[in-house]
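**Q** Below are the chains, spelled out letter by letter.
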Amino acid sequence: MIALLILTAFFILTLVIGIRARQKQKMNLENWAVGGRSFNTVFVFLLTAGEVYTTFSFLGGSGWAYSKGISAVYVMVYIALSYVTSYFLLPLIWKYAHEHRLVSQSDFFAKKYNSDLLGVVVAVVGVIAIIPIVVIQLKGLGIIVSLTSYGAIPMKVAVVVGTIAIIIYSVISGIRGIAWIAVLKDFMILAVIVFMGIYLPIHYYGGIGQMFDQIAAVKPELLTFPHTTYTVTWFISTVLFYVLGFYMWPQVFASTFTAKNARTFRKNAIISPIYTLMLLFVIFIGLTAVLQVPGLEGDASDLALLQLAMKTFDPWFVGIIGAAGMLTALVPGSMLLMSAATLLTKNIIYSYKPDTPDAKIANLSKFCVPVLAIISCLFVFQGGNALAAILQVGYSLIVQLCPSLFASLMKRNPVTKQGALAGIIVGILITIFISNYSMTLATLLPGVPTAISDINIGFLPLVANVIVTLVVSLLTRKKLGTDTI
Amino acid sequence: MVKLLLIIPFIFILAGMPFANRIQPMVLGMPFNLFWVAAGILLSTCILGIVYHFDKQNKGEEQ
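Protein sequences, first through last, are from chains A and B. The numbering of the first sequence is this note's numbering, which starts it at 29 and goes up by one. The numbering of the second sequence is this note's numbering, which starts it at 890 and goes up by one.
Bound-form chain A, shown alone (with noise of 0.2 Å):
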């Protein structure tokens, strides 16, 4: 009952901050998409670097370490190695949407190449991307508020009650919501991990040292990469293909187009790999786990760290561990239904119409929020995956668009918009073929070392992009001169 309530009360805090983070701000397109372009470096930070913190990272990191221990270290290693291209990156990609007043990736894209039509694909890639990504929060939501609350609510509950929160305070207040939401999230989550993956060691094995010591002795092939599957190489690979999609995202562009100046992403990038250096007390949390709730098989790993909870502390605290959960959830879910709808309206909806007042396209915008709630709830509810899975599915899709993006920032670019447009399409059709099938390269290659077989299978369709890519810019380029679609 004590953990219903806290849940409750910090359910009903995280509306009213978000409700009331519109002040009296005109919520027109600008305003709602992008914060008016006027965010500083605290609130940019926890938009971009409190995108480490998602119900993924909560759930899913402690149960990756749970069932296959020390190869969960590529969720941190993936985003700090992120955030050291993001020193260079970032700020390329903010002058030029500063320069040109641009709302979305999309517009990004379509302005750089000159080509509505590869806007449109740019668009589409995105929403169907974030889509996957929507529902590990929403199922992390329904997982986190039914354990914690000991049953009380059943999970489709929750993901309905959650997700009709988003809608009110996205619609509401846009961006501004979500980032004055964020600053509760991250205060409250980095107390609940930090304290947890200190305090749950020390309680069951004495210290951390002396935990590793146990794990060590009882099953020491979960504290190094493996000889197969999750090898070095794959951990190498893995590393390097997230690094390339992850700042693909649609949510992380809108991020970067509310910070007020370039100097905000320098400053960023410098402290944000130590932000994920936290992620080692989820690892911890994983770990220690694994010698005092065994048993949990398959998808069943990601509730490792509900589990302990429940076993090991009081219920008023196991209701503040939820309510952190549930911030995790509700922060990246908002953020990435707000850059789909946005995506949605102005890039493929109004792609036709470029002339289309602003007002017109945050309404349907704001539209297209619930619509997009509704789907990814329905997908929820159809069950299946862990949540490493599909999130593996969604950086697939999108960082097909990480070819023509670097080109584009080249001084002279060598990728024809014809050639961008190939490549991505080319990459996402094999991505799908391959998801679809559940292929690894060692299934695809018998036979092969495995130092070749254990790479990561995303780089297959984006090898192909590359190459698709270049050829057809090399033909167009000879063939017409100039770019013409």
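Hint data in this document are derived by calculation from the structure and do not stem from the laboratory. The reader is advised that the hints may include incorrect statements.
[Said to hold, decoys possible] Straight-line C-alpha distance at most 30 Å; calculated DSSO-like pairs for lysine-lysine: (1) A:K96 - A:K247; (2) A:K123 - B:K945; (3) A:K295 - B:K945; (4) A:K123 - A:K394; (5) A:K295 - A:K439; (6) A:K388 - B:K945; (7) A:K247 - A:K339; (8) A:K184 - A:K339; (9) A:K123 - A:K388.
Given chain A, put chain B in place with the hints provided.
**A** Here is chain B on its own, set in the frame of chain A:
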């Protein structure tokens, strides 16, 4: 030119992992591979700080 320093964290963590992938010696209570990753992330912050410092200095000289 100084931005080329940003490649060091990639080399340290990723190229170093085949050599660091072991439990012993435990450092700060952590298996060696986990310590290696944490050290690499701290190194990233140091290098980003150095690059930012030089960038700022260069911009000051230009002005």
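**Q** Within 30 Å, alpha carbon to alpha carbon, are K123 of chain A and K945 of chain B?
**A** holds (18 Å)
**Q** If you draw a straight line from the CA of K295 of chain A to the CA of K439 of chain A, is it 30 Å or shorter?
**A** holds (25 Å)
**Q** Sort out whether K394 of chain A lies within 30 Å of K123 of chain A, counting only the CA atoms.
**A** holds (27 Å)
**Q** Is K295 of chain A within 30 Å of K945 of chain B, Cα to Cα?
**A** Status holds; Cα separation ~11 Å.
**Q** Compare the distance between the alpha carbons of K184 of chain A and K339 of chain A with 30 Å, and conclude whether the hinted pair is satisfied.
**A** holds (24 Å)
**Q** Under the criterion that the straight-line Cα-Cα distance not exceed 30 Å, is the pair K123 of chain A, K388 of chain A satisfied?
**A** Between K123 of chain A and K388 of chain A the Cα gap is close to 27 Å, so the pair holds against 30 Å.
**Q** With the threshold set at 30 Å, check whether the alpha-carbon distance from K388 of chain A to K945 of chain B stays at or below it.
**A** Measuring from Cα to Cα gives roughly 43 Å; hence the hint is violated.
**Q** Please work out if K96 of chain A and K247 of chain A have their alpha carbons no farther apart than 30 Å.
**A** holds (11 Å)
**Q** Are K247 of chain A and K339 of chain A close enough, with their CA atoms no more than 30 Å apart?
**A** holds (22 Å)
Hint compliance for this structure: hint 6 is the single one not met.
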